[in-house]
Amino acid sequence: MSETLLARITTFAAESNTKAVPLRKGETLVEVDQANIKIFISHLLNDLALRHLATITGLDLGQNLGITYHFIQGQETIHVRTSVPKTNPAALSIVDLIPGAILYEMEIHDMFGVTFTGNPWINRKLLLPDDWPADLPPPLLKTSKPAEIRKRLGLETAQK
Amino acid sequence: MNAEQNKPTRREETAGLIEYSTENLVPFGPIHPALKEPEYFKLILEGERIVEVIPRIGYVHRGLEKAAEMRPWVQNMYMFERTCGICSFVHSLCYGQAVEGLTMFQVPRRAKYIRLIIAELERIHSHLLWVGLMGHWAGFETLFMWVWSDREIVLDLVEAISGNRVHKSMNAFCGVRRDMPEGMEDRIIERMKHMTDRAHYYRQIIDTEETMLARTENVGNKVDQETAQKLCAVGPMARYVGLRHDVRLTDPYAAYDEVPFDIVTRNEGDVRALLRLRLDEIVVSANMISYAVEHLPEGPIRVKIPPVIPAGEHSSHCEAPRGEIFYYVRSGGGRIPERVKSRQPTLANIPIALELLKGQTLADVPVVLTAIDPCFGCMDRMSFLDTDTNRQWTWSGEQLRLYGIKHYFPERFKK
Amino acid sequence: MFRAMLEKPKTEAYPYKPIQLTERFRGKLDIDPAKCTGCQVCALVCPAGVITLIDMGTRKVGDRELPVKRPLFDLSSCIFCGECVDNCAFNALEMTKQFELATPNKEDLMMRKAVVK
Numbered sequence: 001m002s003e004t005l006l007a008r009i010t011t012f013a014a015e016s017n018t019k020a021v022p023l024r025k026g027e028t029l030v031e032v033d034q035a036n037i038k039i040f041i042s043h044l045l046n047d048l049a050l051r052h053l054a055t056i057t058g059l060d061l062g063q064n065l066g067i068t069y070h071f072i073q074g075q076e077t078i079h080v081r082t083s084v085p086k087t088n089p090a091a092l093s094i095v096d097l098i099p100g101a102i103l104y105e106m107e108i109h110d111m112f113g114v115t116f117t118g119n120p121w122i123n124r125k126l127l128l129p130d131d132w133p134a135d136l137p138p139p140l141l142k143t144s145k146p147a148e149i150r151k152r153l154g155l156e157t158a159q160k
Numbered sequence: 001m002n003a004e005q006n007k008p009t010r011r012e013e014t015a016g017l018i019e020y021s022t023e024n025l026v027p028f029g030p031i032h033p034a035l036k037e038p039e040y041f042k043l044i045l046e047g048e049r050i051v052e053v054i055p056r057i058g059y060v061h062r063g064l065e066k067a068a069e070m071r072p073w074v075q076n077m078y079m080f081e082r083t084c085g086i087c088s089f090v091h092s093l094c095y096g097q098a099v100e101g102l103t104m105f106q107v108p109r110r111a112k113y114i115r116l117i118i119a120e121l122e123r124i125h126s127h128l129l130w131v132g133l134m135g136h137w138a139g140f141e142t143l144f145m146w147v148w149s150d151r152e153i154v155l156d157l158v159e160a161i162s163g164n165r166v167h168k169s170m171n172a173f174c175g176v177r178r179d180m181p182e183g184m185e186d187r188i189i190e191r192m193k194h195m196t197d198r199a200h201y202y203r204q205i206i207d208t209e210e211t212m213l214a215r216t217e218n219v220g221n222k223v224d225q226e227t228a229q230k231l232c233a234v235g236p237m238a239r240y241v242g243l244r245h246d247v248r249l250t251d252p253y254a255a256y257d258e259v260p261f262d263i264v265t266r267n268e269g270d271v272r273a274l275l276r277l278r279l280d281e282i283v284v285s286a287n288m289i290s291y292a293v294e295h296l297p298e299g300p301i302r303v304k305i306p307p308v309i310p311a312g313e314h315s316s317h318c319e320a321p322r323g324e325i326f327y328y329v330r331s332g333g334g335r336i337p338e339r340v341k342s343r344q345p346t347l348a349n350i351p352i353a354l355e356l357l358k359g360q361t362l363a364d365v366p367v368v369l370t371a372i373d374p375c376f377g378c379m380d381r382m383s384f385l386d387t388d389t390n391r392q393w394t395w396s397g398e399q400l401r402l403y404g405i406k407h408y409f410p411e412r413f414k415k
Numbered sequence: 001m002f003r004a005m006l007e008k009p010k011t012e013a014y015p016y017k018p019i020q021l022t023e024r025f026r027g028k029l030d031i032d033p034a035k036c037t038g039c040q041v042c043a044l045v046c047p048a049g050v051i052t053l054i055d056m057g058t059r060k061v062g063d064r065e066l067p068v069k070r071p072l073f074d075l076s077s078c079i080f081c082g083e084c085v086d087n088c089a090f091n092a093l094e095m096t097k098q099f100e101l102a103t104p105n106k107e108d109l110m111m112r113k114a115v116v117k
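Chains as they are written, first to last, in this note's numbering: chain A, 1 to 160; chain B, 1 to 415; chain C, 1 to 117.
Treat the hints as calculated values from the structure; they're not laboratory data.
Don't be surprised by glycine CBs; every beta carbon is placed ideally from N, CA and C.
Errors might be hidden in some of the hints.
Under 8 Å between C-beta atoms, here's a sample of chain B residues computed to sit facing chain A [as the list claims (entries may be wrong)]:
no.	residue
1	Ile57
2	Glu65
3	Ala214
4	Asn218
5	Glu324
6	Phe326
So that you can see chain A by itself, here it is in the shape it has in the complex (with noise of 0.2 Å):
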């Protein structure tokens, strides 16, 4: 990790309350709150020239659903967390920063039910099929289980 991407994002991170934790090789991991999350974003952009949105991950954190933006630039990787509450996950998008993440985004609402404010086809379904039941719960969250999915959507599987 260079010295200088690692003292600014912690300068920058004391700054606006937020948590940077150098973890092994070449990557950070930063927390930052929802209410600071594009603020961050557009420093890491304009400021620190970081221009690359690898992918966006989202992340079963028991109470909270945990989404990971992660930044690459050369042989630096940081991965920039923040979280929302199951019980109202509702994020902030940023699309109007990096239009690339759109589909990331969605993905991420699909397979954790996370809402994001602010990206224009937050309604569509991207990888779920049509006819998902409303009330069965997203499918990468711990509590799903494969085998009550395929039931709910009548896919029972023929053998083994």
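Given chain A, work out where chains B and C should sit, using these hints.
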């Protein structure tokens, strides 16, 4: 029924993506009475020109990320290898690297070289497959057949090294499973020379052959570097507008820091640039393989690691033939992972594909969509909405392909 | 272009002629029951769940009765990765060159060589 009332109205422009709404009685739903399955792409046209594309993917979604949370680490390597047949090795490589990053073990140098050789063989195979497919969709079947017969060179080499043509099963954590067989070095070098000659020949064909020129020159909406960057384009889709985005260069993994190579970029911005780029990459890969085989270091090929991976999270990215593959792995310290995220390059290239289609004619759709080298079982079905006439219809991929050929070369269809 | 008319066709003449396979080709699995000791490592490493261990009785070691198990292979699930072959310490397993495995009868793909008495 008043035709004006049924015409779709234009909604607000959000983040550069225009949305059309149909506030009328005609349901623009994905289920067509004649179809057995919903569509992949919905194309909204004004006459012949495409105005917007709405993607729907996930028809071959197998829930691998969920399945990965229920299987031991090593079994996941085989499972992720089967994400894709064409880029199978680089999937298992990227997953392996993400997990190796959580351990304290290093990969032996000989294993890194062998990984590079197999990865580059796979790249040649994938690019040749794609060039053949472009020939097929453009109506140039001879190119398709010839390129695919040259692809057999690579597949035979892969079978000789790993035992299988497609799913190589060569990767293991911190190493490779099989060493190079005896006498392979000379054979590989000779075959790579032959491959370079063939790539030069095909390069000449696409620059001079009338069919390919007509179908690929100036086809595809031109995008600039800023747009490609904002749309998160990866791999050849970023390099063909001049961005120097290649994971092998910017973040070398395996033996890419020791094997010299040139990155290939172009800046014409049309589909023909993509053809030239991928054929040039084949030549670069053939040279890398020859170099790696000549400089293969001695030593062990594998370090055995315990089945329990320490807790933590790590990510890794690799340059697959189609673009950047990204894997994120989170371990709770046990025998099975807590979360594995795998992002294929095609998902990252869909936004730029939608951008490339705007303003193109219907006949160019198959060529432009294949140009991003998509890895899903694409173009089985597409549905279209013409906003001028308000006609909706559905075509299969074959019907669309024939429409394109008829549009460009009508003399082939004269009775 | 004209040179191509003089070359012979590249199409493989399979199935009328046998196809060339490489030495490392991974085909159908085979076991040598004499070498198998029932150590269960193959069942533990198989990624596809092909191997089930069947009780074959017990044997006396000193004054203890130890269970004897042997593997049963359901080759319809086999992914031909070769992990079992690599991990067998007794070289009881090998991958043959046989690849024409399509059959309408699933029982044909159950390899019971090690478990028949």
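Results for each hint:
The closest approach between the C-beta of B/Ile57 and any C-beta of chain A is roughly 6 Å, which is under the 8 Å cut-off, so the hint is satisfied. Of the supplied interface hints, the one on B/Glu65 holds, with its beta-carbon coming within about 6 Å of a beta-carbon of chain A, less than 8 Å. Violation of the interface hint for B/Ala214 is found here, the shortest Cβ-Cβ separation to chain A being roughly 31 Å, above the 8 Å cut-off. Taking 8 Å as the C-beta contact cut-off toward chain A, the hint placing B/Asn218 at the interface is violated, the least distance being around 25 Å.
For B/Glu324, the interface hint holds, since its Cβ comes within 8 Å of a Cβ in chain A; the closest pair sits about 7 Å apart. Checking B/Phe326 against chain A: minimum C-beta separation of about 4 Å stays under 8 Å; hint holds.
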